[in-house]
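Positions 136 to 505 (my numbering) are the ones given, in order, by the sequence shown.
Please note: incorrect hints may appear among the correct ones.
[To be verified] Label pairs and their in silico Cβ distance ranges:
hint : residue 1 : residue 2 : range
1    : Asp230    : Asp290    : 43 to 49 Å
2    : Asp313    : Val486    : 33 to 39 Å
3    : Asp247    : Ala386    : 22 to 28 Å
4    : Ala452    : Asp290    : 35 to 41 Å
5    : Ala228    : Arg451    : 33 to 39 Å
6    : Leu485    : Lys339    : 45 to 51 Å
[Unchecked claim] Straight-line alpha carbon distances no greater than 25 Å define the calculated BS3-like cross-link-like pairs of lysine-lysine that follow:
hint : residue 1 : residue 2
7    : Lys229    : Lys211
8    : Lys211    : Lys339
9    : Lys288    : Lys211
10   : Lys446    : Lys339
11   : Lys174    : Lys229
12   : Lys186    : Lys219
13   : Lys288    : Lys219
14   : Lys174    : Lys219
15   : Lys229    : Lys446
16   : Lys174    : Lys211
17   : Lys229    : Lys219
18   : Lys339    : Lys291
Source of the hints: derived by calculation from the structure; they are not laboratory data.
The beta carbon of each residue, even a glycine, is placed where N, CA and C say it ideally should be.
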Amino acid sequence: MLVSPGFVDAHQHLDKTGVLRFTPNPSGTLQGAREAFAKYARTAGPDDIHKRAIRTIERCLSRGTTAIRSHINVDKDAGFHGIKTLAGIRDGAKDRITLQLVAFMTPHPGQDFDWLRENIDGAVALADAVGGTPAVSEEPPRYLDMLFSAAVKADKPVDLHLDEHLNASVHLIDAALDRVERFGMQGRTVFSHVSVLSALPRRKFESIVERILALDVGVITLPAANLYLQGRDYEMLPPRGLTRVAELHRAGITIATASDNIQDPFVPTGSGDMLEIARWTLLAGHLRGDELAAAHRMITTAPARLMGLGKDYGLRAGARADFVVTNCFDTDTLVAGGPDQAFVFSRGRLVSETTTALMRVENSHVKEDA
Numbered sequence: 136m137l138v139s140p141g142f143v144d145a146h147q148h149l150d151k152t153g154v155l156r157f158t159p160n161p162s163g164t165l166q167g168a169r170e171a172f173a174k175y176a177r178t179a180g181p182d183d184i185h186k187r188a189i190r191t192i193e194r195c196l197s198r199g200t201t202a203i204r205s206h207i208n209v210d211k212d213a214g215f216h217g218i219k220t221l222a223g224i225r226d227g228a229k230d231r232i233t234l235q236l237v238a239f240m241t242p243h244p245g246q247d248f249d250w251l252r253e254n255i256d257g258a259v260a261l262a263d264a265v266g267g268t269p270a271v272s273e274e275p276p277r278y279l280d281m282l283f284s285a286a287v288k289a290d291k292p293v294d295l296h297l298d299e300h301l302n303a304s305v306h307l308i309d310a311a312l313d314r315v316e317r318f319g320m321q322g323r324t325v326f327s328h329v330s331v332l333s334a335l336p337r338r339k340f341e342s343i344v345e346r347i348l349a350l351d352v353g354v355i356t357l358p359a360a361n362l363y364l365q366g367r368d369y370e371m372l373p374p375r376g377l378t379r380v381a382e383l384h385r386a387g388i389t390i391a392t393a394s395d396n397i398q399d400p401f402v403p404t405g406s407g408d409m410l411e412i413a414r415w416t417l418l419a420g421h422l423r424g425d426e427l428a429a430a431h432r433m434i435t436t437a438p439a440r441l442m443g444l445g446k447d448y449g450l451r452a453g454a455r456a457d458f459v460v461t462n463c464f465d466t467d468t469l470v471a472g473g474p475d476q477a478f479v480f481s482r483g484r485l486v487s488e489t490t491t492a493l494m495r496v497e498n499s500h501v502k503e504d505a
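Please put together the full structure from these sequences, using the hints given.
Printed below as a string of structure tokens:
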């Protein structure tokens, strides 16, 4: 039997989860998904958000995830419904699962910037981190300053959706890194997506890697969303859409992988299984067959570090005792094929047990192994 630390999903959107049937995205693009959810968010109330979020949290927990960081939209359309609802879930479920919330200050074209500025402190007070997507803002430098200023004021980390595109001529990584340094947010900042790194010339990419390392910035890749949303406008050789996962890992940057969206207009699929995400990351991110253990770290110790879980996490005395017991031989086999038996423990208590029935054929008769 193998004992693994609980899986950590460091980037979800629990306010969006499970709305696929209500949010058509015919284009299959990032902008189409944003527009579809913005329309839905205008009528989504607390009860709706609560039911969908709880359903996904329980599904994730049953598959071994014991910690989740979720970005929650805060804007004129969504208001504070999502962040208030998830804050209640976070506080009520703290003995069952570790849940962190990012106040995702969501700009929309033409939206009054003053609304975000006036409401960011209230949103951040309910959250555990400050987030946003500067590429969508009409004034990215001013928007970045607002996010980092609020984070410093509240003494909370920053987690940005950064450069979720493949246009090498337009990126905000340097601007974001400048603010990490200026606001003293070294070791407390995460860049999610950074797909554009795959499109940059080698020399520019290497210079950015040096800065990311020097400023101790973490990276989260989101393979499901980037595989689905990116590259639809390419007539030939459509790209994967991910950042340079393998190269960032081998450079020594703390890189995690996560689910991102689950069954919504951004990602129509998703089971809450982090082992599935680890496999996608290994394949689409060009890790090697001898880096299965690295893929396991990307769903355990790496995201735990980026979320600041510290001594509460891991297989050590004094930790929360969140772990998964499986019938796998080692972490390589756990990632490569998954377990037939899994027991999930939260704070030392068994919260989920899963057994897969194995079918075998002998002498043309099908038999079942319990």
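Taking the hints in turn, this is what the structure says about them:
Asp230 and Asp290 have their C-beta atoms about 25 Å apart, which leaves the hinted 43 to 49 Å range violated. Between Asp313 and Val486 the Cβ separation comes to about 44 Å, which falls outside the hinted range of 33 to 39 Å. In this structure, Asp247 and Ala386 break the distance hint of 22 to 28 Å, their C-beta atoms being roughly 41 Å apart. At roughly 29 Å, the beta carbons of Ala452 and Asp290 sit outside the given window of 35 to 41 Å.
Distance hint check: the CB atoms of Ala228 and Arg451 are about 23 Å apart, inconsistent with the given range 33 to 39 Å. For the pair Leu485 and Lys339, the supplied restraint of 45 to 51 Å holds, since their beta-carbon distance comes to about 50 Å. Distance check on the hinted pair: Lys229 and Lys211 sit about 29 Å apart at the alpha-carbon level, beyond 25 Å; violated. Note on Lys211 and Lys339: the hinted pairing is violated, with a Cα-Cα distance of about 37 Å set against a maximum of 25 Å.
With a C-alpha separation of about 23 Å, the suggested pair Lys288 and Lys211 falls inside the 25 Å cut-off, and the hint holds. The suggested pairing of Lys446 with Lys339 is violated, with an alpha-carbon distance near 36 Å, which exceeds 25 Å. Of the pairs offered as hints, the one joining Lys174 and Lys229 is violated, with about 32 Å between alpha carbons and a cut-off of 25 Å exceeded. In summary, the hint linking Lys186 to Lys219 is supported, as the alpha carbons are separated by about 14 Å, within the 25 Å threshold.
For the suggested pair Lys288 and Lys219, the alpha carbons sit about 20 Å apart, so the restraint of at most 25 Å is met. Straight-line distance between C-alpha atoms of Lys174 and Lys219 comes to about 20 Å, which keeps the hinted pair within the 25 Å bound. Of the supplied pair hints, the one linking Lys229 and Lys446 holds, its CA atoms being roughly 16 Å apart against a limit of 25 Å. Taking the CA atoms of Lys174 and Lys211, the gap is near 11 Å; set against the 25 Å cutoff, the hint holds.
At most 25 Å may separate the alpha-carbon atoms for a hinted pair to count; Lys229 and Lys219 meet this at roughly 16 Å. Straight-line distance between C-alpha atoms of Lys339 and Lys291 comes to about 30 Å, which puts the hinted pair past the 25 Å bound.
Violated hints for the displayed structure, listed by number in ascending order: 1, 2, 3, 4, 5, 7, 8, 10, 11 and 18.
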